[in-house]
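Colleague: For this one, chain A is given, so just place chain B on it according to the hints.
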Amino acid sequence: MLVGLCALGFIFGSLQNSARIKQQPDRVGNVIRFFIEPLAVPLSSTTRGIADFAQGLASARRLASDNRRLKQIEQAMQMYSESMEFKDREIARLRAMQGFGPIVGHKRIPASVCGVSLNENRLTLNVGSRQGVKLGCPVECADGLVGTIEEVGSDQCQVLMLTSVGLQTTSTGKTQLVGALDVNRNPPLLGVVRGENASTLSMTFFDPKAPVQIGDLIVTSGSSEKIPPNLTIGKVIQTESNEEFGTLKARLSPAFELGTLDVVFVLA
Amino acid sequence: MKGVKGWVIGLLLLWLAGAFQQAVAFQISAGGVGPDFPLIVVVTVALFFDRRSATVFGFIGGAIRGAIAGGHMAAYCVTETVVGYLVGWFAGMEFEGNMVVAFVVTALATVSTQITFLLLTPRGAILPYLAATIGSAMYNGVLAMPLYALLKRVLDSPRH
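Chains as they are written, first to last, in the numbering used here: chain A, 521 to 788; chain B, 2 to 161.
Where hints are given, some of them may not hold.
To be verified - Here's a subset of chain B near chain A, in silico, CB distances under 8 Å, partners left out:
id: 1; residue: Trp16
id: 2; residue: Gly19
id: 3; residue: Phe21
id: 4; residue: Phe60
id: 5; residue: Ala64
id: 6; residue: Ile65
id: 7; residue: His73
Keep in mind the hints are simulated off the structure, nothing from the lab. Note that the coordinates shown come from a computational prediction; the quantities given were computed from them, not determined experimentally. Ideal Cβ positions, reconstructed from N, Cα and C, are used throughout, including at glycine.
Bound conformation, chain A alone (with noise of 0.2 Å):
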């Protein structure tokens, strides 16, 4: 009996060698893996079940305080993801500055907004007339036209956003108004551009039935003393013709947002 065993032992090891040969399935283990699997299968699920389960129990407090630490990385990795998304914009915002082409008659000064004084409509640059900054000089961010410079000190600087109401009369008491073109028209419409409030400006075209478009692009038109020609100052978003007066007024999203103002130039 045990010698007649040992033998079919070895038939079943041969019939597995030569079936491993041939690359075939081995058909007395397979026949004995059938019976076992349909048991080992649920019986595994269930004991890792288990094990989970007894660890969690055990490890609980561990767990939680490993929760805890997970959700702050979590929060952090937020906060970092954010700022990189605006270190980023602010990257392309500064090439875009680093790929303004020359100005004839200007040269560009740049400086970085250390104040912004919103009640004012006022920012305060680092640069002053040791760096050559004079009254009136228009101020650029990558966007467009920010304002103009309303107050000089020897290394500071004072602008009056675009936005100001106050834009209309300097500090030196005369009026100054942006000259400014409509570009998406031929021929480009001329008008007047003034700070409504602090989101929006205003423009005026002379002409009642100007043909002016919702999403038309606003440039300076370098009719202005200081402002050259062809800064962005904004979009349209509304007009509204007034025939009485003989004018058409559109109102202007600026082209600049007072919360990515970082770097600028100024234009002396």
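Modeller: Just chain B now, kept in the frame of chain A:
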């Protein structure tokens, strides 16, 4: 020999042992030392069988172990057949069966199986293998004790 009842319970235990070997053994092994459920069942059940039945039972246990392990079927079949034969022969001697006997016999069977297996399928690192064998022998012996107690209750008592 407990007749059909013994065989039914034995084969059922072997089936469970096969499933546990495939699904659970690796989860409860530590430091390379894990249980050998089919061997535990073969030895423990063989203690209740006569020599002939124990030999056949050992052969079936070896075939199951070989199929699950995917190793050399002949090595597993031969070693466990021999173990079944020896345990059956031992069970035929005059002795008082108890859990300690089950522990000792299972541990010795594990060691002899592993050494026979080592001879049939030679390996390079022998010392770690022998250390793991001793660990497995203890592990299997401990697991065999409650199984023996259960079988003794179900199958009445060993032949003596």
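Colleague: Among the hints numbered above, which are violated by the structure, and what are their numbers in rising order?
Modeller: none
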